[in-house]
Amino acid sequence: MFALWMGAWLAPDAEAKDDSAPEAPAQVQVQVQVQLATSWPLGRSPQGFSVSEKFDGVRAVWDGRVLRFRSGRLLAAPSWFVSALPATPLDGELWMGRGQFDRLSGVVRQAVPDDEAWRAVKYLVFDTPQNTAPFKDRVRLVQSAVATARVPWLVPVGQELVNDAPALQALLQETVRNGGEGLMLHRTDALWRAGRSDALYKFKPEADEEARLVGYQPGKGRLQGQTGALLLQMPSGQRFALGAGLSDALRRDPPPVGAWVTYLYRDRTPSGLPRFASFVRVRDPE
Numbered sequence: 010m011f012a013l014w015m016g017a018w019l020a021p022d023a024e025a026k027d028d029s030a031p032e033a034p035a036q037v038q039v040q041v042q043v044q045l046a047t048s049w050p051l052g053r054s055p056q057g058f059s060v061s062e063k064f065d066g067v068r069a070v071w072d073g074r075v076l077r078f079r080s081g082r083l084l085a086a087p088s089w090f091v092s093a094l095p096a097t098p099l100d101g102e103l104w105m106g107r108g109q110f111d112r113l114s115g116v117v118r119q120a121v122p123d124d125e126a127w128r129a130v131k132y133l134v135f136d137t138p139q140n141t142a143p144f145k146d147r148v149r150l151v152q153s154a155v156a157t158a159r160v161p162w163l164v165p166v167g168q169e170l171v172n173d174a175p176a177l178q179a180l181l182q183e184t185v186r187n188g189g190e191g192l193m194l195h196r197t198d199a200l201w202r203a204g205r206s207d208a209l210y211k212f213k214p215e216a217d218e219e220a221r222l223v224g225y226q227p228g229k230g231r232l233q234g235q236t237g238a239l240l241l242q243m244p245s246g247q248r249f250a251l252g253a254g255l256s257d258a259l260r261r262d263p264p265p266v267g268a269w270v271t272y273l274y275r276d277r278t279p280s281g282l283p284r285f286a287s288f289v290r291v292r293d294p295e
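In the working numbering, the protein residues as written are 10 to 295.
With a cut-off of at most 30 Å between alpha-carbon atoms, the simulated BS3-like pairs for lysine-lysine come out as follows:
hint, residue 1, residue 2
1, Lys145, Lys131
2, Lys211, Lys145
3, Lys211, Lys131
Restraint ranges, calculated between C-beta atoms of paired labels, are given here:
hint, residue 1, residue 2, range
4, Gly254, Ala142, 34 to 42 Å
5, Glu219, Thr47, 27 to 35 Å
6, Phe285, Ala96, 35 to 43 Å
7, Arg248, Asp111, 17 to 25 Å
8, Leu259, Asp72, 43 to 51 Å
9, Gly234, Leu150, 52 to 60 Å
10, Gly254, Gly106, 25 to 33 Å
11, Leu83, Arg290, 41 to 49 Å
12, Asp124, Pro227, 42 to 50 Å
13, Ser287, Asp262, 16 to 24 Å
Don't read these hints as lab results, they were simulated from the structure. C-beta atoms are modelled at their ideal positions from N, C-alpha and C, and glycine is treated no differently.
Working from the sequences, and respecting the hints, build out all of it.
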């Protein structure tokens, strides 16, 4: 069903996690241009696209001399880690394994790198930025640069050609079932272009669940005097605030405490709370 193409099944999270948290102080910050993904339209054929796993990592850009966060701040990696990187510019994800984002974030944001902790970090490379070649050729350039470096922490991403929309959906389900976050789709003939475009997409699952309304958070700013978020309690007993997706009418007249609320979410935090949750509806009383 799937045609394996160029590399092992390792691939990027081209849409990185927010790196706005404090990083190493007193370092020069420059503007870093990266490609960003838009959401994949359901049912679209993946013909002409290269498919890879969406990793739960920290975006890192290598310009041939220094390693930087997507924000442009210098990344304080051990000298042995960066000295082995090639002169070729690289774009990829720092990664410690599925479900390890919080641990990874703590390691890579230290002002003084923890040498032992960094031994568990890999740099999964999925592109060579600013290059004028189409993506399918840039993948070969990445593989060549990584092969020349010959270090275990530098890993070329893998790409897979998928025949049709049902096959893509099946691959997404398999990836998520194995603990992955989702898929990335690169148009194989696309030239490198900073920002969002039709060259790069993310495809993540959305699951819906229900939680009981136990309270409210007041609104701020333009929402002053209204409901800012619903405080929901999951069957596990864990609580979280849900504000995304609430209409103005619901904010003015929220559902009563005790109501069951249906919400969509993309994935979960290591503690089990939903990420990127949004309101769908209040369940009809039975």
